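Peer 1: Here are the chains, one letter per residue:
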Amino acid sequence: MNKRTLMILLGFLVSVGLAVAEPVTLTLAYPTGDSKVEIMKQIVKEFEKQEKNQVKVNVIVVPVANPAAYWGSYFDKLQTMIAGGDAPDVVRVAIEGIQTFAARDLALPLNQYQKDDPQAVLNYADLAPKLQAPFEIGGKVYGYVWDWNNVVIHINTDMLKAAGLPFPGPNWTLEDFTKYAKAMTKTVNGQQVYGFAIPNYYFGTEGWLYANGAGILSDDMKKGALDTPEAKKIIQLFRDMIYVDKTAPVPNATTDAVNLLMTGKVAMIAAGRWPFGSYVANKFTSVGVQYIPLMKSPRTVVFGSGAFPVIKLTKHPKEAYRLSAFLSGAYSQKTGISIDSIPTRTSVMKEVLPTTPGKNWEIYGESAAFAKAVQSPPGYPEVASIFDRYTSSVYSNQLEVGAAMKSASEEITKVLANQ
Amino acid sequence: MNKKFSDAIAGYLFILPVLLLFIVLTLGPLVGTLLLSFSKFSLLSSSRWVGLSNFFNLFSDARMGVIYGNTLFFVFILVPLHVIVGLVLAVSVEGLTKGSAKYLFRTTFFFPVLATTASVAIAWGMMFDTSFGLINWFIGLIGAKAIPWLNSPVWVYVAVAIFSLWKFIGNSFIYFLVGLQSIPVELYEAAMLDGASPRQRFFRITLPMLSPTMFFVVVNLIIGAAQIFDEPYFLTAGGPGDSSRTVGLYIYETAFQYHNYSYGSAVALSLFLVILLVTLLQFKLQKKWVFYGN
Amino acid sequence: MATKSLEAKMLGKNVGRLFLQVFLILVGLLYFAPFLWMFSTSLRLAKDSFSLPPALFPTAFEIGNYFEVFNKVPFFSFFLNSFKVAVVVALGNVIFSSMAAYSFARIRFPGRNILFLVLLSGLMITNQVTAIPQFILMAKLHMIDNTWTLVLLWLVNPLGIFLIRQQMMAISDSYEEAALMDGANRWWIYSRIMVPMSVPAISVSTVLWFVANWNDFFRPLLFINTWENMTLPLGMTALTGAVGSGNYSAVLAGVMLSLLPCVVIYIFGQRYLLEGLSTGGLKQ
Numbered sequence: 033m034n035k036r037t038l039m040i041l042l043g044f045l046v047s048v049g050l051a052v053a054e055p056v057t058l059t060l061a062y063p064t065g066d067s068k069v070e071i072m073k074q075i076v077k078e079f080e081k082q083e084k085n086q087v088k089v090n091v092i093v094v095p096v097a098n099p100a101a102y103w104g105s106y107f108d109k110l111q112t113m114i115a116g117g118d119a120p121d122v123v124r125v126a127i128e129g130i131q132t133f134a135a136r137d138l139a140l141p142l143n144q145y146q147k148d149d150p151q152a153v154l155n156y157a158d159l160a161p162k163l164q165a166p167f168e169i170g171g172k173v174y175g176y177v178w179d180w181n182n183v184v185i186h187i188n189t190d191m192l193k194a195a196g197l198p199f200p201g202p203n204w205t206l207e208d209f210t211k212y213a214k215a216m217t218k219t220v221n222g223q224q225v226y227g228f229a230i231p232n233y234y235f236g237t238e239g240w241l242y243a244n245g246a247g248i249l250s251d252d253m254k255k256g257a258l259d260t261p262e263a264k265k266i267i268q269l270f271r272d273m274i275y276v277d278k279t280a281p282v283p284n285a286t287t288d289a290v291n292l293l294m295t296g297k298v299a300m301i302a303a304g305r306w307p308f309g310s311y312v313a314n315k316f317t318s319v320g321v322q323y324i325p326l327m328k329s330p331r332t333v334v335f336g337s338g339a340f341p342v343i344k345l346t347k348h349p350k351e352a353y354r355l356s357a358f359l360s361g362a363y364s365q366k367t368g369i370s371i372d373s374i375p376t377r378t379s380v381m382k383e384v385l386p387t388t389p390g391k392n393w394e395i396y397g398e399s400a401a402f403a404k405a406v407q408s409p410p411g412y413p414e415v416a417s418i419f420d421r422y423t424s425s426v427y428s429n430q431l432e433v434g435a436a437m438k439s440a441s442e443e444i445t446k447v448l449a450n451q
Numbered sequence: 028m029n030k031k032f033s034d035a036i037a038g039y040l041f042i043l044p045v046l047l048l049f050i051v052l053t054l055g056p057l058v059g060t061l062l063l064s065f066s067k068f069s070l071l072s073s074s075r076w077v078g079l080s081n082f083f084n085l086f087s088d089a090r091m092g093v094i095y096g097n098t099l100f101f102v103f104i105l106v107p108l109h110v111i112v113g114l115v116l117a118v119s120v121e122g123l124t125k126g127s128a129k130y131l132f133r134t135t136f137f138f139p140v141l142a143t144t145a146s147v148a149i150a151w152g153m154m155f156d157t158s159f160g161l162i163n164w165f166i167g168l169i170g171a172k173a174i175p176w177l178n179s180p181v182w183v184y185v186a187v188a189i190f191s192l193w194k195f196i197g198n199s200f201i202y203f204l205v206g207l208q209s210i211p212v213e214l215y216e217a218a219m220l221d222g223a224s225p226r227q228r229f230f231r232i233t234l235p236m237l238s239p240t241m242f243f244v245v246v247n248l249i250i251g252a253a254q255i256f257d258e259p260y261f262l263t264a265g266g267p268g269d270s271s272r273t274v275g276l277y278i279y280e281t282a283f284q285y286h287n288y289s290y291g292s293a294v295a296l297s298l299f300l301v302i303l304l305v306t307l308l309q310f311k312l313q314k315k316w317v318f319y320g321n
Numbered sequence: 021m022a023t024k025s026l027e028a029k030m031l032g033k034n035v036g037r038l039f040l041q042v043f044l045i046l047v048g049l050l051y052f053a054p055f056l057w058m059f060s061t062s063l064r065l066a067k068d069s070f071s072l073p074p075a076l077f078p079t080a081f082e083i084g085n086y087f088e089v090f091n092k093v094p095f096f097s098f099f100l101n102s103f104k105v106a107v108v109v110a111l112g113n114v115i116f117s118s119m120a121a122y123s124f125a126r127i128r129f130p131g132r133n134i135l136f137l138v139l140l141s142g143l144m145i146t147n148q149v150t151a152i153p154q155f156i157l158m159a160k161l162h163m164i165d166n167t168w169t170l171v172l173l174w175l176v177n178p179l180g181i182f183l184i185r186q187q188m189m190a191i192s193d194s195y196e197e198a199a200l201m202d203g204a205n206r207w208w209i210y211s212r213i214m215v216p217m218s219v220p221a222i223s224v225s226t227v228l229w230f231v232a233n234w235n236d237f238f239r240p241l242l243f244i245n246t247w248e249n250m251t252l253p254l255g256m257t258a259l260t261g262a263v264g265s266g267n268y269s270a271v272l273a274g275v276m277l278s279l280l281p282c283v284v285i286y287i288f289g290q291r292y293l294l295e296g297l298s299t300g301g302l303k304q
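Residue numbers (our numbering), protein chains in the order written: chain U, 33 to 451; chain D, 28 to 321; chain C, 21 to 304.
Chain U on its own, in the form it takes in the complex:
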């Protein structure tokens, strides 16, 4: 073989070798609010092992500075990265954002990849169907759900005992609730403690509205619906708890209800499973959960789920699909969601939920059957901001419920029409 042929052969071998050995690098973007960077890194390491190190995953944390406008800021950052040519391949997106992502054509439909490579999803049927549904829009699959959360009432059982009250049953009424709130509002050691902390955030309020057969938006998500009598009843209830019954403290932009429950300043809060991360970290065990009081039958519980859609602009769609699917798998769910949200796989839920250190944890698993997705249309950040503005005015006693909810609904309808 002459020298020239040898060089060509060598060059050929080298380039083939490089092509074969070159690992694909994917970027996974995660917002700061869920502080799970280390856990995510652990999970992706397992993925890299599964892919025999042919795929490397870089976890980047996107800072979201303003908790009041969480998803709006997060999506803006993601959009910037995309526009700046630094698009991540796979991003954590919750239900609040998937509609916006899909509407702006940023997410990659995964149907074909799933058909070609179904094993990657590892038992698709295990994903609770109601929870997966929000990520399948117009027949296109945009992601596989990983975690979910709902809204229930957390009760400080020490304060309950001190008031001599029994743990409430699942069918307790609004009257029962108000009675409990009043009984647990008192002065302790010269300090005022309250019965309930108003859920002054979109998700929490939606939970209460659903329980009363209402919603922040109309069912088709085209109009604001805060001015229906059922919706106004809830907002009025909250407002009166602050200013009439005085069983709730005035909420701020910076109020942290979980902290208030743990420190015994407030006896009940409305939250999902997320506080348990803080409870465990602070060794707080005197807590139990119960459904929001039954107002309309059948019971409806709000839920929000999250997944890891693939950005359409990714240069490695097949690998990104596999990562996205892996992240919703059993290993990922067991490792990442143990304590502060709820796994979406029925099998994992059965394993993980019993470890919840709170009384009546069963309702988390049960509620998957009658959960209704929180209304997150395209344009969610602006809608949520309108909601925040008007409810904060009501809870600061600056506006009447009726007038505020009417204006809020009108503004929301306008924003939705502009999408």
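Hints in this document: simulated from the structure, not taken from any laboratory. Treat the numbers as computed from the prediction; the structure is a model and nothing was measured. Every residue, glycine too, gets a C-beta built ideally from N, C-alpha and C. Any given hint might turn out to be false.
Across the chosen pairs, the derived CB separations fall in these ranges [stated by the list, open to error]:
no.	chain 1	residue 1	chain 2	residue 2	range
1	C	G36	D	L99	34 to 44 Å
2	D	L61	U	D251	37 to 47 Å
3	D	L61	U	T378	23 to 33 Å
If you want a taste of the chain C side facing chain D, the calculated C-beta under 10 Å gives, among others [as the list claims (entries may be wrong)]:
no.	residue
4	P74
5	F77
6	V107
7	L111
8	A120
9	R126
10	M201
11	A204
12	L241
13	L259
14	G289
15	Y292
We have chain U already, so just place chains D and C on it with the hints.
Peer 2: Relative to the frame of chain U, chains D and C by itself:
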């Protein structure tokens, strides 16, 4: 080589770095804001020209009135407060303390300026909490009712003002302090010989001699107060409702949370024009009250 | 008679003086109290962070809160990033602002006065007015999420140029003339004569500019996208998000930690600042 020519070259060379950066990063963007405000811009798709429609929206935006009202209110409240409190503190520290006590007071009043704004704002947010905050606890001790610092449209201004005075008074304080130190002692001595009272000395000597410093401080304070962002962002997030939302916050929200860069630019342009006008007014008025003599 | 009223006057004056001194001490304490509260609360157990009576003096000593801060967020990176940006920006001021100031003060070139006014008008062109186009420009240049972008945006300091120019204009011509006669070029005059003689103004503008940059929240908020590149102010909000739920003590520990560099900066900077202000002053 012709001296004039070599001077011109040298002159431009020395200012080149600053000039280039200024054109690219300040003047350019100013023009950019102008252009953006006449268009509908999108980061990921194409943009188009829309003429004055952003400005029509600006004038018909129901929130704009409240937002500008808040901003101007902050300007008219915070600027005089900063000047007065800064002056009072400077005069007191200069006149009443010496040596290490002076050093201690200077540090106390100036240090908050250095402290990371984000950090202390978070802490003050906790202190202002209506039900569980430090400040209301003290108020409770003297028997008064808890004040809804961050929950009432009226008290919100007071809360922001208190925070602003605590955090930034060091700026005007330090300028006034130095200004006071540079007033020649002979002027005071001559006045005392003439039998002038402390009050007369203050109003006839101190204030006029400080007026250049005061002018400088006021102009800077107005520009700063007009674009106020950090304080409302951390303490109130603009609330309750829109009661503490300033133009600065609104620009950020519109452009970077709703991705409406064009409308945000229109609002930003309006802010620039307001600041420009007010500053030019200041310069015109300075002839009336600023004393540049010796 | 006259002596008595003079004594009375002196007494009145002294009482008044005492009154004012007490007042000053009270105000000073009010300014100091928040730091005390932050420190004491940062040492409390998380579940006690909001308990009343509030902590003015440390009664608990949970140092774990401080470790918690480093566990939850890359706090050291935040600090390093802030430091890197602020130091480079400060150096930039020393060099570029003084260069420009020299030119405006001492070199006659066409358009000098107009250019100076234009540069000064930059003071009115505020953050928010330029933020959006700057952002779009940086996005197109792929310079988002880059701490050097933060540096670039802070390299022009019109106020600094103004102050240094003031001082340079007050330096006597004779030095320059002597140097020129010895055949020195402009750069030599600038670096060996003008700069050393304007140290006060340069110090003042540098310290103030450093502090302003250190506290900058708005620009990092817009331009930084990932955790590793965050500066301290932005990092503080990440800390609140990561740890906030249920542990205000740790947040306040983070607050205290973020103040440590400020103390150091103050100790080093305040001498330059005050010396500089009194000599480099604000003489119009």
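Peer 1: A separate judgement is required for each hint: does it hold in the structure or not?
Peer 2: Structure-based check of all given hints:
{"no.": "1", "hint": "G36(C) x L99(D): 34 to 44 Å", "in the structure": "38 Å, holds"}
{"no.": "2", "hint": "L61(D) x D251(U): 37 to 47 Å", "in the structure": "44 Å, holds"}
{"no.": "3", "hint": "L61(D) x T378(U): 23 to 33 Å", "in the structure": "58 Å, violated"}
{"no.": "4", "hint": "P74", "in the structure": "4 Å, holds"}
{"no.": "5", "hint": "F77", "in the structure": "13 Å, violated"}
{"no.": "6", "hint": "V107", "in the structure": "15 Å, violated"}
{"no.": "7", "hint": "L111", "in the structure": "12 Å, violated"}
{"no.": "8", "hint": "A120", "in the structure": "4 Å, holds"}
{"no.": "9", "hint": "R126", "in the structure": "9 Å, holds"}
{"no.": "10", "hint": "M201", "in the structure": "14 Å, violated"}
{"no.": "11", "hint": "A204", "in the structure": "12 Å, violated"}
{"no.": "12", "hint": "L241", "in the structure": "8 Å, holds"}
{"no.": "13", "hint": "L259", "in the structure": "9 Å, holds"}
{"no.": "14", "hint": "G289", "in the structure": "8 Å, holds"}
{"no.": "15", "hint": "Y292", "in the structure": "12 Å, violated"}
This entry does not satisfy hints 3, 5, 6, 7, 10, 11, 15, going by the numbered hints stated previously.
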